[in-house]
Amino acid sequence: VPGSFSSEGIYAAIHRSLLAGLLASIATKTDTSEYLAAGGNKFFLWPGSGTFASRPKWMVAAELVETTKRFARTVAKIDEEWIEPLAMHLVHRSHSDPLWDRRSATVLASEKVTLFGLTIIPRRRVRYAHIDPVAARKLFLQHALVEGDYDTKAPFFAHNARMREEAAKLAAKTRRRDMIVEDDAIYSFYQTRLPAEVVDGHSLDQWRKEAEGKSPQILMMSAENLLPEEVDVEPLDYPDKLEIDRLRLPLEYHFEPGAEQDGITVTVPREALPQLTPERTDWLVPGLMEEKVEALIRSLPKQVRRELGPAPQVAEKVVGELQFGQRPLLVSVAELLTRAAGVRITPDMFAADKLPPHLLLNVRVVDEKGKKLSEGRDVIALREKVGVRYEDAKPQAEELVWHRDGLKSWDFDKLPQRLDVKRAGVVLTKYPALIDQGESVSLRLLDSAAEAERQTRGGVRRLFAIAENRELKAQVQWLPGLDKLKLWGAPLAKERPIDDQLMDLLADRALFGDGLFAGLPLSRTDFEDLVRARRKHIVPAVQEVTKLVLSLFEAYHEARLALETARPAAWKYALDDIRDQLAHLLPPNFLTVQPWEWLQHFPRYLKAISLRFKKLSTALTRDRTNYDLVAPRMNAWKERVARPFTTDAEHEQLALYRWMLEELRVSLFAQELGTSTPVSPKKLDNQWEKVGI
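Going by the working numbering, the first residue of the sequence shown is number 222, and it counts up by one from there.
Just to be clear, a hint being listed does not mean it is correct.
With a Cα cut of at most 25 Å, we get these calculated DMTMM-like pairs of lysine to aspartate or glutamate [stated by the list, open to error]:
hint: 1; residue 1: K359; residue 2: E418
hint: 2; residue 1: K629; residue 2: E674
hint: 3; residue 1: K903; residue 2: E418
hint: 4; residue 1: K575; residue 2: E674
hint: 5; residue 1: K263; residue 2: D252
hint: 6; residue 1: K903; residue 2: E871
Computed Cβ-Cβ distance ranges for the label pairs, DEER-style [claimed, not checked]:
hint: 7; residue 1: R414; residue 2: R237; range: 15 to 23 Å
hint: 8; residue 1: A233; residue 2: M441; range: 32 to 40 Å
hint: 9; residue 1: R565; residue 2: R864; range: 55 to 63 Å
hint: 10; residue 1: T373; residue 2: R864; range: 49 to 57 Å
hint: 11; residue 1: R314; residue 2: Q363; range: 49 to 57 Å
hint: 12; residue 1: A711; residue 2: Q658; range: 23 to 31 Å
hint: 13; residue 1: Q892; residue 2: A711; range: 51 to 59 Å
hint: 14; residue 1: R639; residue 2: L708; range: 45 to 53 Å
hint: 15; residue 1: R864; residue 2: D588; range: 19 to 27 Å
hint: 16; residue 1: R864; residue 2: P522; range: 20 to 28 Å
hint: 17; residue 1: A572; residue 2: R753; range: 44 to 52 Å
hint: 18; residue 1: T567; residue 2: V622; range: 32 to 40 Å
hint: 19; residue 1: M441; residue 2: P522; range: 33 to 41 Å
hint: 20; residue 1: L743; residue 2: Q524; range: 53 to 61 Å
No lab work stands behind these hints, which were simulated from the structure alone.
C-beta atoms are modelled at their ideal positions from N, C-alpha and C, and glycine is treated no differently.
My request is simple: use the sequences and hints to build the entire structure.
Rendered as structure tokens:
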């Protein structure tokens with residue numbers, strides 16, 4: 222027994238020797254007090270045995286006796302680890318669950334070892350290549366080389382991963398299933414190049430030492446190994462970045478029909494969202510243009526499609542004539558199809574919202590840390606949901622110099638035309654602007670160059686008016702008929718006195734009135750030179766301003782009196798229409814808000830209102846007919862102008878449409894006054910198409 226020996230090593234050595242001749246007499250304890258022996262036999266420990274109290278897990282017995290039960294006597298405790306080395310020729314091994322192990326770079330399986338039916342090793346991991354090299358090789362090729370679950374610095378591995386990634390990107394861009402690299406092709410590539418003895422990472426490294434010495438690129442894939450022979454893709458057709466002015470936004474391509482992100486996704490910082498317009502996103506990328514145009518053709522009403530012919534051929538011809546990104550897509554396609562079909566096709570005929578999702582750019586909006594805020598394919602809806610104007614966002618430290626309020630003089634050096642600022646890892650182009658706040662000026666960075674120019678024009682006018690306040694005030698006080706102007710314009714002086722509005726208009730005409738204005742100042746010196754050069758134009762501006770405002774305010778007074786006179790209930794639609802017309806013609810500070818070139822026509826527009834009133838009592842039916850021509854077009858303009866402008870060009874076209882509406886009113890309700898330009902409902906509809914809505 223162990224206690225009678227001075228060393229455990231001596232005990233182990235003796236009992237290993239005994240065990241070599243008693244392998245058939247080993248036993249292991251069960252869950253009960255019984256022991257399970259070779260061949261499924263069972264017995265109990267003899268109560269008088271020295272090991273009875275400890276009941277070892279494994280033992281070897283030199284003697285078995287039969288009484289009422291079968292007992293083992295003369296027994297000794299053994300370690301199960303002693304058994305396998307002594308019974309190598311007798312044990313049975315079984316294997317299961319072969320799995321690739323990345324850490325060891327080999328295929329491992331579970332091994333179970335038994336002796337005479339007794340499990341001496343229930344489960345251990347062993348290299349499967351020694352057991353089934355063919356199966357181990359297959360698993361190695363599939364998991365390590367095909368699926369890439371392998372850690373190696375071998376040049377071929379990184380090269381092939383890049384090649385597969387590029388091939389996958391190309392397949393996603395072109396949306397061609399035959400360009401998707403299948404696992405079987407990759408497996409075959411390695412299967413044909415690697416000899417049978419390569420079954421794991423170690424054997425691969427050993428083979429590579431010699432093979433790559435002779436042929437360094439033996440395991441490196443080429444485009445021929447991955448792509449169909451006829452592939453010829455122009456990189457510019459599928460760019461990796463969307464370029465808007467100097468803005469570069471990353472594009473991701475996904476070929477996953479039915480998935481939320483199927484198609485092209487552009488990631489844009491929230492502050493840059495205003496620069497991403499529907500006009501630009503509609504164009505997607507050149508490589509998908511033909512498919513999109515074909516889808517647009519198929520979305521047309523059936524009777525229109527019949528006039529066009531087969532959609533694929535027509536789409537190919539149209540795309541060949543398109544100037545990518547130059548104008549709104551729907552407008553351009555509609556014009557080309559009109560020419561091809563010989564029938565009029567307008568942008569609103571396309572069911573653009575019914576196109577497959579992958580033909581609509583997916584926009585992912587992120588914050589300054591790159592965290593996704595929202596995602597969708599409707600840019601305008603995203604703007605309303607998460608988009609903030611850059612000038613409303615909290616400025617970063619380096620931008621504070623361009624975020625100032627309460628300026629009453631040009632107390633800074635230069636006003637650059639553009640600046641680059643970095644948000645969420647993307648460089649945004651911003652435009653410094655001076656913004657008129659009524660009694661002072663604010664300095665901000667804006668999203669649009671055209672908007673910055675418009676705002677700065679007002680800001681420069683305000684600084685000029687502050688600098689020349691004394692002279693402007695004196696000239697207004699000397700205006701002939703000033704008291705009449707104040708009386709007639711009293712309803713328009715709720716936010717700013719008429720005197721101040723007239724001073725602003727005088728300042729505007731002194732600065733910009735003679736057509737000699739050389740451009741907005743870009744520095745303090747420029748502004749000071751401008752003030753010195755233009756202050757002498759204040760007095761000459763008085764005459765043109767006086768002539769306009771006297772006739773304008775008198776016409777407004779007459780129209781307002783006519784509106785306030787009690788009228789029959791049948792006139793309600795006309796009264797509501799005129800009130801709405803006046804509200805949009807004469808907003809707060811309208812003298813400088815409205816463009817001078819159109820402000821000069823306001824007396825005629827207002828006289829047309831008075832003439833309309835005079836005709837209502839005798840020609841109500843005709844007035845209602847004319848109203849029905851104006852109202853839907855006016856409502857369309859109001860709905861559109863309330864939303865953000867997508868491009869500067871759209872803003873200009875919409876502004877022209879707005880003044881054509883006023884001319885249409887004159888032509889319908891007061892034709893005898895004449896119009897400044899030929900106008901009709903059809904001409905307005907043509908102009909609406911140019912807006913690109």
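Mind listing which of the numbered hints don't hold for this structure, in increasing order?
-> 3, 4, 7, 8, 9, 11, 13, 17, 18 and 19
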